[in-house]
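Trainee: The residues making up each chain are set out below.
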Amino acid sequence: MGLNKPTLLAVMLTGCALLTGGHPVFADEEADQDRAARWKQLQESLFPHRQVLDSGGIITVDAPPRALDAALVPVELHMTGKTAVKGVYLVIDDNPAPMAAHFVFGPTADPRDLKLRVRVNAYTNIHAIAETQDGQLHAATQFVKAAGGCSAPAGPDDTAALADMGRMKLRLMGDFNAGKPMQAQLMIRHPNFNGMQMNQVTRYFTPARFIRTIDATYDGAQVFHLDADISLSTDPVITFGFVPRAKGQMKVVAQDSNNATFAHSFDVPGTPPG
Amino acid sequence: MRLSVAGIIFGALAGHLTAAAHTGAGATDQGQAAATAVVTAAEHAALAQQPAPAEQPASAEHPVPAGHSAPPEPPGFWTGPVNDPVPATIKGGKIIHAGALAALLKAKDVVLIDVSNAPRRPENLPASTTWLPLPHQAIPGAIWIPGAGLGEPPPPLDRYFRERLAKVTGNDMARPLVVYCHERCWLSWNGAKRAIQYGYRNVYWFPDGIEGWRKAKLPVTVTEPEATP
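Protein chains in written order, with this note's numbering: chain A, 1 to 274; chain B, 1001 to 1229.
In case anyone wonders, no lab produced these hints; they're calculated from the structure. Don't take every hint at face value.
As the list claims (entries may be wrong) - If we take Cβ atoms under 10 Å as the criterion, some of the chain B residues that face chain A in the derived model are: (1) Trp1078; (2) Asn1083; (3) Pro1119; (4) Leu1125; (5) Pro1126; (6) Thr1130; (7) Gln1137; (8) Glu1163.
As the list claims (entries may be wrong) - Which bits of chain A does chain B cover? Going by a derived footprint, with three or more residues having C-beta under 8 Å, they are: (9) 32-44; (10) 97-105.
All C-beta atoms, glycine included, are put in the ideal place defined by N, C-alpha and C.
Throw the hints in and build the complete structure from the sequences for me.
Mentor: Structure follows, in structure tokens:
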């Protein structure tokens, strides 16, 4: 056997561990133990000194058990409304940057349903953790099989991906009725480079550039604030609920990791500008 | 898990000493004794149940699933998507699967190379981002050289891989080399092909990767990557 001493140095030049995984695919008890250990480690580092309780019927998470495209895994979070929720965290256990998103809901939100698309780097558990108004954390989980999301190239051409960065669309779903909750789908053009994608031509890694925050307000009142990370898919799409008291304007402000700010306002109801 | 590495070392050492004592021979005979000393009686039995690795056809343990035909070998290194169906063959090398690999590692002085990618924290990731890659599971004894299986590695990395192999084999081009990463991953095919191009004559490609190794309930250890250029 080649018995060498492994060097304890940080890694170089290679792609993302996720992609080709560094991630064993397990289907056995050992795998379950590994997953439980990973989740324990994540709780300690992401929610230090806090207890993460079971879902308690407060939150559920849906994702396809076998994702067709690891770079575009649709995830749905459902808050049952049983207990008032002030925010929700989305954790992708085996991604190297596991905290994918943290939503904080404002007074105009209808926090029952959220949808977004994420990159998944391995066969992994996804945890959705609701934070109740009294500060309790409740977690729901779903196992997803997908590999390669983190290092899949955003597209054939980085320059093209950056060209119309910041364009937004807001698609209203269902009928507008003042005072009644409705859903809206927000689409933002942004490559959301995670720093692990290799440019197919230059063979260099494209530097990370991703949306860090999104704020949605309706006539000045907060709908949600989102802290995002490199796990959001290219061209992020977020579906959320809100309660318009009257006809008005949805304003969306997104800021990326290069401190570029993108802002758009949309009439509600109304045909959203292209 | 590290114990299993130690177990192999001590097992080999103990076998070595026993054989040397038995032969009671001089220096010229000792080399021959050492070559077989690592195979204990129990291991002989295990080996006997395994087909000889070299003769094992590619499809013996892992036939290509219906509807997922293996692509042909590319003429050069693969520069397409890394996680994609892989060929069922490698010209100039041999395919090996988990059971036979375990036996080979026990029977022979094998150099085992893991060419999996390593997590790479993007340089401009904010300090506030929690960066917590999973620990890397490897076959005990493996040397982890990330990047050695890239389709087009930067020249310094190519040089590093060549020199690392020369050093660990003692320039013995007949030394058995096994290259692996993950299942359905081209990095190991490229890595094995690269070793074949360097001139190694006993190169094995383990296409089932760490996943196949674990499915066979074989031990793993957490390892760190080599400091490649």
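Trainee: Each hint: holds or not?
Mentor: The hints, checked one at a time:
| no. | hint | verdict |
| --- | --- | --- |
| 1 | Trp1078 | 13 Å, violated |
| 2 | Asn1083 | 4 Å, holds |
| 3 | Pro1119 | 3 Å, holds |
| 4 | Leu1125 | 6 Å, holds |
| 5 | Pro1126 | 7 Å, holds |
| 6 | Thr1130 | 6 Å, holds |
| 7 | Gln1137 | 5 Å, holds |
| 8 | Glu1163 | 13 Å, violated |
| 9 | 32-44 | holds (count 3) |
| 10 | 97-105 | holds (count 3) |
Consistency with the previously given hints fails for numbers 1 and 8, ordered from lowest to highest.
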